[in-house]
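Protein chains in written order, with my numbering: chain A, 52 to 348; chain B, 64 to 363.
Because the hints were derived from the structure by calculation, they are not lab data. Do not rely on the hints blindly, as some may be mistaken.
A few chain B residues that face chain A, going by a derived Cβ cut-off under 10 Å, partial list only [as the list claims (entries may be wrong)]:
1. Pro178
2. Pro182
3. Thr183
4. Arg187
5. Ile189
6. Gly190
7. Gln194
8. Asn197
9. Pro198
10. Pro200
11. Thr263
The calculated lysine-lysine pairs, modelled on DSS-like cross-linking and capped at a C-alpha distance of 27 Å, are [as the list claims (entries may be wrong)]:
12. Lys169(B) - Lys244(A)
13. Lys244(A) - Lys195(B)
14. Lys221(B) - Lys244(A)
Values in this document were obtained by computation on a predicted structure and should not be read as measured data. For each residue, glycine too, the CB sits at the ideal point set by N, CA and C.
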Amino acid sequence: MIEPSATPMLDLRARPSWRSTKNVIMCGVMVGAFVLVAIPLVAVLWSVISRGAGTAFSGFPAFFTKEIPNISRLPGPGMGPAIVGTLLVTLGATLIAVPLGILGAVYLHEYGRESKFSRLVRFMSVVMTGVPSIVMGLFVYVIWTMRFGYSAFGGSIAMACLMLPIVIGSTEQMLQLVPPHLREAAYALGTTKSRTILTVVLPAALPGIVSGSLLAVARAAGETAPLLFTIGAATQFNTHLFGGANNALSAQIFINANSSFAGAQDRAWGAALTLVLLTFAITMIARVFTARVAMKR
Amino acid sequence: MVDANPATESREQREPKPRPNGPSFVTDLRPSMIAMLESAPVVFDLSHVEVFYGAFRAVRDVNMKIHKNQITAFIGPSGCGKTTVLRSFNRMHDVIPGARVAGEVKYHGVNLYGPEVSPTEVRRRIGMVFQKPNPFPKSIYDNIAFGPRVNGVRDKAKLDEIVEKSLRSAALWDEVKDRLHGSALGMSGGQQQRLCIARTIAVEPEVVLMDEPCSALDPIATARVEDLMRELKDHYTIVIVTHNMQQAARVSERTAFFTAELDKKSEQRTGLLVEYDFTSKIFANPRDERTENYITGRFG
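Work the whole structure out from these sequences, hints included.
Listed below in C-alpha cells is the structure:
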C-alpha cells in the first residue's frame with residue numbers, strides 16, 4: 052500500500068503569466084469601451100425623458116390625442132396629428148419598401164447571384180444607403196410633391212427610398228444564412244426552384260427578414276429631412292394617405308425646437324419622447340415576433 | 064444480471080428476424096443467386112461519365128449498370144468521387160454553379176442529361192438521402208407531407224394516409240405517432256435520418272440514393288437504417304455511398320470500388336471506378352490489386 056501523502060499535491064492553479072495579465076487589461080479596455088458607448092445613449096434617454104415626460108404625460112392622454120395648437124407661441128398639449136402622420140407615413144413606406152426589398156433580395160440571392168446585372172443592383176443598393184436623406188426628400192419633392200402637392204404618401208415614397216437598401220441588404224444576408232442542405236432536401240424531392248424558395252427558404256429566413264425589416268421601419272420612422280418638404284405641416288388630423296398636407300413627429304420636433312417660445316419647445320421635447328417610445332415599441336414588436344417564430348421550430 | 068430493458072424487448076418482439084452476424088453474401092454466391100441478380104432489369108446505365116467542377120475534372124470515365132431492386136454500394140477512400148457520381152444520378156449537380164456532367168447517364172434508356180429532361184421530374188423519381196440528416200424546420204407531419212403536397216396532393220385524408228404509410232415503412236411510426244405535429248428538429252439524429260428516408264419514400268420514387276446515410280449515426284441507429292434498407296429493397300432500387308466496408312458487405316448485392324489517382328496532365332486527383340462486381344466477389348476475390356489493398360486495409 053502506498054501512502055496517499057507520498058505523492059505531492061498536484062498543482063493545477065493558473066501560473067502568473069503575461070498572458071493572464073493581458074487578459075485582465077483587455078477585459079478592462081472592453082468594459083471601458085462599452086461604458087463610453089453607453090454614456091451618450093443614457094444621456095440622450097435621460098434628457099429626453101426628464102424634459103419630455105412632463106409635457107407628454109401631464110393630463111394624459113391629452114398630449115397624444117389633442118390637435119397641435121395653431122399658434123406656436125401658445126403653451127399646452129397637442130401632438131395627435133403628428134403621431135397619426137408618422138404612423139401613416141411609416142405604414143405607407145413599409146408597404147412600398149418591404150415587399151419590393153424582399154423580392155429584390157430574393158432575385159439577387161436566388162436568381163441573379165453573381166451576374167453582371169445583379170452585381171450592378173447590389174452596388175447601387177449600397178450606394179443608395181449612403182445617399183443623404185435630404186437628397187431623397189428633394190428627389191421626391193421634384194417628382195411627386197411639385198405635381199401632387201403635400202401628402203403623407205410623398206413622405207412614404209421618400210422614406211421607402213431610405214428603407215429599401217436596408218431591407219434588401221438584411222434580407223439577402225438572411226437568405227445566405229439558410230443552410231444549403233435544406234434547399235438540397237427540397238430539390239431532392241422534385242421541388243421546383245420557385246416552390247423551394249416559397250416553402251423552404253423564405254420560411255426558414257422569415258424571423259431574420261421580419262426583424263431586419265422592422266429595424267428599417269424603426270430607423271425610418273425617426274427621419275426628418277425627407278419629410279420636411281414632402282408632407283407639409285398640418286395642425287389638424289389628416290388620416291388620408293394620399294390627400295392633403297400631413298405632419299410627423301420628427302418634423303414637429305424640428306419646427307418646435309427652432310421656435311423661441313417655451314410652449315413650443317416643451318412640445319418638441321414631448322414629441323421627442325413620443326418618437327423614442329414609438330420606435331422602442333416597433334423594435335420590441337420585432338423582437339417578440341422573432342422570438343415567437345423562432346420558438347415554434 | 065439486470066432485467067432486460069423493456070423497450071429493447073418490445074422492439075425485438077416486433078422485429079423477430081435475427082440480425083445477420085456478418086457479410087451475408089460473401090459465403091453465399093450460388094449459381095442460382097447469380098442468375099437471379101443478373102436477370103434483374105437495368106435501371107441506370109452509365110457510359111463514359113465524367114463530372115467537372117469548373118475546370119476541375121473530379122471523376123473520369125465511369126461505366127456501370129445499376130440493377131432494379133438491388134442495393135449497390137459505392138466504396139472507396141475520401142475524395143474519390145463516390146458522392147459525385149451518386150449526385151449525377153438525379154441531377155443534383157445542377158444546383159451547384161459550375162458543375163457539369165459529361166457522358167451518358169441513362170435511366171431506363173433515357174439520357175438524364177438530354178435537352179428535354181426536367182431535373183425536377185428526374186428527382187421526383189429518383190430520391191436522395193443525405194449524409195447529414197436534413198429535416199425541414201417544420202413538424203414531423205409537414206416534413207413527410209412536403210413532397211406529396213408539392214406533387215399536388217391536397218386531400219387531408221390522403222395526406223394522413225401517406226404520412227402514416229411512409230413513417231411505418233421507415234420503422235418510425237410507433238416512436239412518433241403521438242407527436243406528429245411536434246418539431247422534427249426535436250428528434251434524435253437516428254430518428255431524423257429515418258424521417259428523411261420516410262420523407263424520400265413519401266413521394267414514391269423508384270430509386271433511393273443514399274449518401275453515407277449512417278455516418279452521423281451510432282451503431283444502433285445504423286443497424287436500424289440497414290434493416291430498413293433491406294426491407295425497402297423489395298420496392299426500391301437503392302444506391303448507397305459508404306465509408307464503412309462492413310456496411311457495404313452487410314447490405315449490398317453489388318459493390319463498386321472507386322479511387323482517386325493523380326492525373327499526369329493536370330496534376331489533379333481525379334476519381335475513377337476501379338472495380339464493380341457482386342459484393343461477395345469484391346470482398347472475397349477482387350480482380351484488381353488496388354481493390355484488394357483497400358479492402359484489406361493496406362491503403363486508404
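Do the hints match the structure? See the list:
no.: 1; hint: Pro178; in the structure: violated (18 Å)
no.: 2; hint: Pro182; in the structure: holds (8 Å)
no.: 3; hint: Thr183; in the structure: holds (5 Å)
no.: 4; hint: Arg187; in the structure: holds (3 Å)
no.: 5; hint: Ile189; in the structure: holds (9 Å)
no.: 6; hint: Gly190; in the structure: holds (6 Å)
no.: 7; hint: Gln194; in the structure: holds (9 Å)
no.: 8; hint: Asn197; in the structure: holds (4 Å)
no.: 9; hint: Pro198; in the structure: holds (8 Å)
no.: 10; hint: Pro200; in the structure: holds (4 Å)
no.: 11; hint: Thr263; in the structure: holds (7 Å)
no.: 12; hint: Lys169(B) - Lys244(A); in the structure: holds (24 Å)
no.: 13; hint: Lys244(A) - Lys195(B); in the structure: holds (22 Å)
no.: 14; hint: Lys221(B) - Lys244(A); in the structure: holds (25 Å)
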